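Student: Each chain is listed here by its residues.
2 protein chains.
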Amino acid sequence: MPRPPQKPRSVSIRDVAELAGVSLGSASRVINKVANVSAATREKVEQAIAALGYRPNHAAQSLRLRSTRTIGCLLSDVTNPLYAKLFRALEERLRAAGYMMLLANGLNLAEREIDILGTFKSRGMDGVLIAPGSERDPQVLAAIRELGIPTVILDRDMDTRSDCVLFDHVPGMKRVVAHLAGLGHRRIALIVSQSANRPMRRRIEGFRSGHKAQGLALDDTLIVQLPHAMSPAYEAVHTLLQRADRPTALVAMGTNVLSDTLNAINASGLRIPHDISVVSIGDPDFAASHVPPISSLRVDLDQVAELGSELLLSRMRGEAGDAARTVHVTNTFVERASCGPALRSV
Amino acid sequence: MPRPPQKPRSVSIRDVAELAGVSLGSASRVINKVANVSAATREKVEQAIAALGYRPNHAAQSLRLRSTRTIGCLLSDVTNPLYAKLFRALEERLRAAGYMMLLANGLNLAEREIDILGTFKSRGMDGVLIAPGSERDPQVLAAIRELGIPTVILDRDMDTRSDCVLFDHVPGMKRVVAHLAGLGHRRIALIVSQSANRPMRRRIEGFRSGHKAQGLALDDTLIVQLPHAMSPAYEAVHTLLQRADRPTALVAMGTNVLSDTLNAINASGLRIPHDISVVSIGDPDFAASHVPPISSLRVDLDQVAELGSELLLSRMRGEAGDAARTVHVTNTFVERASCGPALRSV
DNA sequence: GTGAAAGCGCTAACAG
DNA sequence: CTGTTAGCGCTTTCAC
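Residue numbers (numbering that gives the first Met the number 0), protein chains in the order written: chain R, 0 to 345; chain Z, 0 to 345.
Quick caveat, the hints were computed from the structure, so don't treat them as lab data.
All values reported here derive from a predicted model rather than from experimental measurement.
Among the hints, a few may not be true.
As the list claims (entries may be wrong) - Simulated crosslink set (BS3-like; lysine-lysine; CA at most 27 Å straight-line):
1. Lys-43/Z to Lys-120/R
2. Lys-6/R to Lys-32/Z
3. Lys-43/R to Lys-120/Z
4. Lys-84/Z to Lys-6/Z
5. Lys-43/Z to Lys-32/Z
6. Lys-211/Z to Lys-120/R
7. Lys-32/R to Lys-43/R
8. Lys-120/Z to Lys-6/R
9. Lys-120/Z to Lys-120/R
10. Lys-84/R to Lys-43/R
11. Lys-120/Z to Lys-84/Z
12. Lys-84/R to Lys-43/Z
13. Lys-32/Z to Lys-120/R
14. Lys-32/R to Lys-211/Z
15. Lys-120/R to Lys-6/R
16. Lys-32/R to Lys-32/Z
All chains, full assembly: derive it from the sequences and hints.
Tutor: Here you go:
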């Protein structure tokens, strides 16, 4: 990794002071808007700044102030719309507070995530916002514990002493099952693409306890776990729908799973919600615009961003105390037109 | 914007040197792997580093070396899957070259984009990768020209002296029209969500010239421009399909437009490709997994990232010369099962 | 091969 | 109110 050729030195505060005919200290004072500056001095310095197009050197400021005004953000993958939206919402708030965001995709690679956390540390991030994929990896956990930077963890239940915002997947899923059960459904299938991480596991758990709460027996063959995150659900759902005892309702988890599921239903000649009900876990754009609109369980990402950034900001300000704080975000069920009474004839 | 409380000073190279019992200069030498270090010294320093958990202070390095090893990335919105994928691909390459990415969403707000470019400058980005929304705004153009940082512009034709990678939207669209014309289609509709930016405009242009090239008359009422980026295409397409002279083929531009279009076709009781053909401009995941799979015009984002990062890296290395370089990326047509011969009976 | 010292650009404490 | 100065942590001459 060869060092790039050094850039030419650009205009410094020294140049500004010189042109303005004042001392370096005075220039600094007007730049930082501290008191005790005469109007005349201020005027001269401001003109010099404008004339030179001066911009403070951030590296020097960071070195001096021990603060980079930047937040490190480690997500498993921005390509996942959920994380993209989350990033955007977080950026919005932190930007308003004067921070820029360093973004890195962890890609569920423990080693990579550790490396990224290390650079965050070495680069003196003022704070860190993370949702690592390797949620159980002891080395990743250690890396987080040793960060020594205000940290908030999003949607991961990790054993570190960090603030975190957790989603209440279990109650959310129970709500979904209750809704379906209320419509008379007794055979409800769950289609998931993977089960590696906490959110998935907890949702499956909620699906089970939802059945229990409703006094429903759960046929385990109705929980369809696709082998990989990317594995197409189409075939699996299609097969499911051919069964004599096919489910009367489908719960699809994840954007791709949902679109495959919708396809499979369509190809089977079934109509939503008359022949079959469906609810989506996660609320991609097309769920709302689908015909008919698909009922979804969603988490309000704006709320997550609000809580997450507030947690981080307050801790950075040193207002937080020693103990880690945990806040919970509720999944809300958005009822649309994709659920109807269970078909008796099945 | 109150300054955050200063962090405690952490372990510095000075501490390392002290513990190792060597001079600060020697410590630096082993850290930077320069020659002229005795094995004994190296050993001692390395032990001290390990014992202390030393990490170089990035701000100090940046200040000294005039290089931040950071790339500023300004996109209109990561929430757009295309940009998300692009970012991921770019990150991959630049990370391999030892850079981290600062990401900011411009949100098509000229003022905001200018501000972001300014911070990129002030923060001493080694390079900058941008796809601003405000492609015609003179102030944004000026901001880019005055950046004074190696810059590459992605998919925007801006009048600045920057390297850029351009997508050949026009030939791509002509290819699509040719394909459809070859199947006997003479009434082809184009559904677009907005036309604010260059890619959109150029695609419409390509659509027109494609017709010309095929000797086809173009009915302007078949170009459906939705008012806003988010405006649902469902109604528009549905209406279109009720017309007596309805099109025999639909070209849908953008992820949301495509899914609305598919919905509308489905709701009208039409079958793809028998009753109507459709091609997608842009290739979202669900296009390939749809039943039937939708033929798409796509641009290879990996290639874009490869070219873009290569352009940037070479310029940062100072290998690039004065002139701006432009490289073109071809749109490729992915033929799947959504296009068939035109229905005669319409 | 190693140590001492200068200086990157900036802020803040201090003296006037 | 203003100027001078130390020093943030690091790399890199320059002597030895």
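Student: Give a verdict on every hint.
Tutor: Going through the hints against the structure:
Restraint check for Lys-43/Z and Lys-120/R: satisfied, since their Cα atoms lie roughly 24 Å apart, inside the 27 Å limit. Simply put, Lys-6/R and Lys-32/Z have alpha-carbon atoms about 23 Å apart, close enough for the 27 Å limit, and the pair holds. A distance of roughly 24 Å separates the Cα atoms of Lys-43/R and Lys-120/Z; the hinted pair therefore holds under the 27 Å criterion. At most 27 Å may separate the alpha-carbon atoms for a hinted pair to count; Lys-84/Z and Lys-6/Z exceed this at roughly 36 Å.
Proposed proximity of Lys-43/Z and Lys-32/Z is supported: the alpha carbons are some 14 Å apart, at most 27 Å. Pair hint Lys-211/Z plus Lys-120/R does not hold up; C-alpha atoms about 59 Å apart against a cutoff of 27 Å. Restraint check for Lys-32/R and Lys-43/R: the C-alpha separation of about 14 Å stays at or below 27 Å, so the hint holds. A hinted pair counts as satisfied when its Cα atoms are at most 27 Å apart, and Lys-120/Z with Lys-6/R qualifies at roughly 12 Å.
For a cut-off of 27 Å, the pair hint linking Lys-120/Z to Lys-120/R stands: about 23 Å separates their Cα positions. The suggested pairing of Lys-84/R with Lys-43/R is violated, with an alpha-carbon distance near 45 Å, which exceeds 27 Å. With a CA separation close to 25 Å, the supplied pair Lys-120/Z and Lys-84/Z stays within the 27 Å bound. Between Lys-84/R and Lys-43/Z the CA atoms are separated by roughly 48 Å; this puts the pair beyond 27 Å, and the hint is violated.
For the proposed pair Lys-32/Z and Lys-120/R, the alpha carbon gap of about 22 Å is at most 27 Å, so the pair holds. Among the hinted pairs, Lys-32/R with Lys-211/Z is inconsistent with the structure: their alpha-carbon atoms are about 62 Å apart, more than 27 Å. With a CA separation close to 25 Å, the supplied pair Lys-120/R and Lys-6/R stays within the 27 Å bound. The suggested pairing of Lys-32/R with Lys-32/Z is violated, with an alpha-carbon distance near 43 Å, which exceeds 27 Å.
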